[in-house]
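Residue strings, one per chain:
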Amino acid sequence: MQFGIFTVGDVTTDPTNNTTPTENERIKAILTIAQKAEEVGLDVFALGEHHNEPFVPSSPTTMLGYVAAKTEKLLLSTATTLITTNDPVKIAEDYAMLQHLADGRVDLMMGRGNTGPVYPWFGKDIRQGIPLAIENYALLRRLWDEKVVDWEGQFRTPLQGFTSTPRPLDDVAPFVWHGSIRSPEIAEQAAYYGDGFFANHIFWPKEHFQRLIAFYRQRFEHYGHGAADQAFVGLGGQVFMAKNSQDAVKQFRPYFDNAPVYGHGPSLEDFTEQTPLTVGSPQQVIDRTLTFRETFGDYQRQLFLMDHAGLPLKAVLEQLDMLGELVVPVLRKELDAKRPAHVPDGPTHASEIERMASRRVAKAVQDAEAQSSVAAEAARVGQGA
Amino acid sequence: MTGSTGTSSSAGTKRIVALSAGLSQPSSTRLLADRLTEAAVGDLGERGVETEVTVIELRDLAHDITNNLVTGFPSTKLQEAIDALTGADGLIAVTPIFTASYSGLFKSFFDVVDNTALTGLPVLIAATGGTPRHSLALDHALRPLFSYLRAPVLPTSVFAAAEDWGSGSADDGFPTLPDRIHRAAGELAAAVAASTRSGQERDPFALATGFSPGGAGGSAVGGFGAQ
Chain A
1 MQFGIFTVGD VTTDPTNNTT PTENERIKAI LTIAQKAEEV GLDVFALGEH
51 HNEPFVPSSP TTMLGYVAAK TEKLLLSTAT TLITTNDPVK IAEDYAMLQH
101 LADGRVDLMM GRGNTGPVYP WFGKDIRQGI PLAIENYALL RRLWDEKVVD
151 WEGQFRTPLQ GFTSTPRPLD DVAPFVWHGS IRSPEIAEQA AYYGDGFFAN
201 HIFWPKEHFQ RLIAFYRQRF EHYGHGAADQ AFVGLGGQVF MAKNSQDAVK
251 QFRPYFDNAP VYGHGPSLED FTEQTPLTVG SPQQVIDRTL TFRETFGDYQ
301 RQLFLMDHAG LPLKAVLEQL DMLGELVVPV LRKELDAKRP AHVPDGPTHA
351 SEIERMASRR VAKAVQDAEA QSSVAAEAAR VGQGA
Chain B
1 MTGSTGTSSS AGTKRIVALS AGLSQPSSTR LLADRLTEAA VGDLGERGVE
51 TEVTVIELRD LAHDITNNLV TGFPSTKLQE AIDALTGADG LIAVTPIFTA
101 SYSGLFKSFF DVVDNTALTG LPVLIAATGG TPRHSLALDH ALRPLFSYLR
151 APVLPTSVFA AAEDWGSGSA DDGFPTLPDR IHRAAGELAA AVAASTRSGQ
201 ERDPFALATG FSPGGAGGSA VGGFGAQ
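Chains A and B are the protein sequences, given in the same order.
For the first sequence, the positions run 1 to 385 when UniProt numbering is used.
For the second sequence, the positions run 1 to 227 when UniProt numbering is used.
In short, the hints are calculated from the structure, not lab data.
Being a predicted model, the structure only gives us computed values, none of them experimental.
One should not assume that every hint holds.
Unchecked claim - In silico BS3-like pairs for lysine-lysine, Cα to Cα no more than 30 Å straight-line:
1. A/333 x A/73
2. B/107 x A/250
3. A/314 x A/333
4. A/28 x A/363
5. A/206 x B/77
6. A/314 x A/73
7. A/338 x A/73
8. A/73 x A/243
9. A/206 x B/107
Unchecked claim - Restraint ranges, calculated between C-beta atoms of paired labels, are given here:
10. A/354 x B/60: 52 to 58 Å
11. B/216 x A/115: 24 to 30 Å
12. A/19 x B/107: 54 to 60 Å
13. B/50 x A/366: 51 to 57 Å
14. B/202 x A/354: 37 to 43 Å
Claimed, not checked - To list a few chain B residues with every Cβ distance to chain A over 10 Å, as calculated:
15. 140
16. 190
17. 212
We treat Cβ as the ideally placed atom computed from N, Cα and C, and that holds for glycine.
Using the sequences and the accompanying hints, generate a full structural model.
This is the structure we're talking about:
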């Protein structure tokens with residue numbers, strides 16, 4: 001089981017003292033937070049990609065490249081990479097490069113992005129969001145999985161004899177998650193490729209995601225990648241902790257009440273009841289997070305949103321200390337113990353090397369069987385004649 | 001949701017949603033919704049059709065609707081109301097006329113409902129107002145809203161001005177409020193009796209026809225590297 005954090009990289013005014021970090025301060029804070037994640041024993045740091053204020057991370061591989069150099073074990077990921085508006089050729093090259101820099105400690109989460117104007121700014125049409133995600137990812141896969149690619153599609157200039165460079169580390173592409181909050185098409189896509197499905201269920205009630213994840217698991221099995229409970233599921237989460245739960249509520253309330261996205265809407269109490277947001281003691285966070293497994297089945301990756309809504313860096317680092325010291329070790333022990341042996345652990349470069357090798361073997365066996373049945377059929381027809 | 005007067009549902013039972021955007025309590029908007037519901041249920045009863053009525057008082061959902069606008073997702077209570085609409089055979093939608101149109105709360109509710117949820121749903125539109133001068137708001141505001149949602153709006157709409165609540169029977173030859181309620185309810189009853197919406201299975205994961213997860217070059221069967 002992998003535990004980590006994800007950040008959207010918003011620059012938000014701290015409502016308790018009305019101060020706003022500069023872009024430079026926020027960018028540096030994100031890099032500090034990423035290094036802290038490794039220091040406190042987390043497994044994953046995932047960075048958002050945005051091309052509109054108030055968000056700063058427009059260039060994720062630049063930032064992740066820095067983090068790669070400053071860390072040893074941390075897995076670097078995205079939340080999310082815009083598969084709709086980025087050129088898949090550039091994604092293929094940027095992230096293969098990052099794989100080499102980070103010795104394989106890289107995976108990605110694909111997302112469509114939900115900011116209307118970003119599409120036209122990059123010459124795309126938001127109404128084509130799903131077809132863009134499908135075609136661009138199909139090309140991206142080929143660029144990673146095949147050395148020389150001839151390709152023609154609807155959204156990009158054709159490619160003849162193109163090789164994306166560098167090649168993925170050990171010729172194995174980074175593991176890919178597909179993130180979606182409501183589109184069954186994306187769950188279907190994740191299942192089709194045998195990729196992971198990430199449900200950032202921090203804003204929606206669990207029943208919705210329970211159905212969406214069950215659908216992904218069932219389709220994963222349908223496409224022959226393993227049993228439904230062997231599919232790769234990642235979940236979001238959002239917490240704020242203090243030793244005493246009343247203090248956590250008191251400290252977090254001004255940030256909650258003024259947060260982008262859900263601020264000035266439901267009360268903190270209603271929101272914690274309806275969504276996975278947990279504001280309380282570390283034990284409450286443990287108890288709540290353990291219910292995710294009961295709801296969604298054994299899963300591979302748990303990411304928490306810890307640094308948004310104007311929380312100062314100092315508070316975020318304290319939160320990470322608590323997460324790494326008091327919460328994750330307990331969750332790791334409990335969830336690893338409960339996970340049956342046939343259910344895979346969180347994907348890594350090493351496990352992907354193994355999975356791709358067995359996929360190639362299975363494919364070879366399948367091809368050989370098809371060949372021999374063709375040969376047998378030919379022989380039978382031959383005898384009859 | 002309040003005031004659900006549902007009888008036990010069985011095969012063939014038609015579902016009617018009566019939605020009131022009235023804000024005062026008691027509300028003449030709710031009163032009009034109730035009169036229309038009663039007339040429609042009575043008419044259906046005469047046709048031998050059993051009905052189950054769900055009443056949605058938007059006043060009770062006002063906070064939930066605002067929260068949905070802000071957060072992008074409905075509370076459980078609001079989801080139940082949306083589900084009732086989605087699976088209904090007929091809708092009686094009644095709003096007070098505020099500032100020349102439906103009330104803001106009425107519009108906000110339909111703003112958070114998925115734009116395909118009402119497809120094919122027969123709708124009886126009705127409104128209340130201080131004077132009859134506002135009655136055309138039904139045709140310039142409510143009718144196009146439901147047309148956009150592809151919900152067929154019945155020809156007769158019912159407007160009740162304050163003075164209509166004191167109108168008697170049609171002794172001068174002009175139809176009065178009870179006459180209009182009766183005619184509108186009859187139109188709704190006929191449409192509800194013919195509706196099959198409540199019996200339809202809705203698959204939230206239905207993929208568009210021709211959707212292929214692997215793109216144009218991919219196969220829809222067998223998967224990528226399927227074993």
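Evaluation of the provided hints:
1. Straight-line distance between C-alpha atoms of residue 333 of chain A and residue 73 of chain A comes to about 19 Å, which keeps the hinted pair within the 30 Å bound.
2. In summary, the hint linking residue 107 of chain B to residue 250 of chain A is not supported, as the alpha carbons are separated by about 36 Å, beyond the 30 Å threshold.
3. Distance restraint check for residue 314 of chain A and residue 333 of chain A: the Cα-Cα separation of roughly 28 Å lies within the 30 Å cut-off, and the hinted pair is therefore satisfied.
4. Between residue 28 of chain A and residue 363 of chain A, the direct Cα distance comes to roughly 46 Å. Violation of the 30 Å bound is thereby established for this hinted pair.
5. The hinted pair formed by residue 206 of chain A and residue 77 of chain B meets the criterion: a straight-line CA distance of about 14 Å does not exceed 30 Å.
6. Taking the CA atoms of residue 314 of chain A and residue 73 of chain A, the gap is about 23 Å. The hint holds against a cut of 30 Å.
7. Proximity of residue 338 of chain A to residue 73 of chain A is assessed by CA-CA distance (about 25 Å); at most 30 Å being required, the pair is judged to hold.
8. This hinted pair checks out: residue 73 of chain A and residue 243 of chain A have alpha carbons roughly 29 Å apart, not beyond 30 Å.
9. For the suggested pair residue 206 of chain A and residue 107 of chain B, the alpha carbons sit about 27 Å apart, so the restraint of at most 30 Å is met.
10. In this structure the hint that residue 354 of chain A and residue 60 of chain B lie 52 to 58 Å apart at CB holds, the actual value being about 56 Å.
11. For residue 216 of chain B and residue 115 of chain A, the Cβ-Cβ distance of about 27 Å falls inside the hinted range of 24 to 30 Å, so the restraint holds.
12. Look at residue 19 of chain A against residue 107 of chain B: about 38 Å separates their beta carbons, and that is not inside 54 to 60 Å.
13. About 56 Å separates the C-beta atoms of residue 50 of chain B and residue 366 of chain A, a value consistent with the hinted range of 51 to 57 Å.
14. Taking 37 to 43 Å as the suggested C-beta distance range, the pair residue 202 of chain B and residue 354 of chain A conforms, at roughly 41 Å.
15. With a cut of 10 Å on Cβ distances, residue 140 of chain B stays outside the contact zone with chain A, its closest approach being about 29 Å.
16. Every beta carbon of chain A lies more than 10 Å from that of residue 190 of chain B, the smallest distance being close to 36 Å; the non-interface claim holds.
17. Residue 212 of chain B, annotated as away from the interface, has a beta carbon of chain A within 10 Å; the closest lies near 7 Å.
In the structure shown, a violation is registered for the earlier hints numbered 2, 4, 12, 17, in ascending order.
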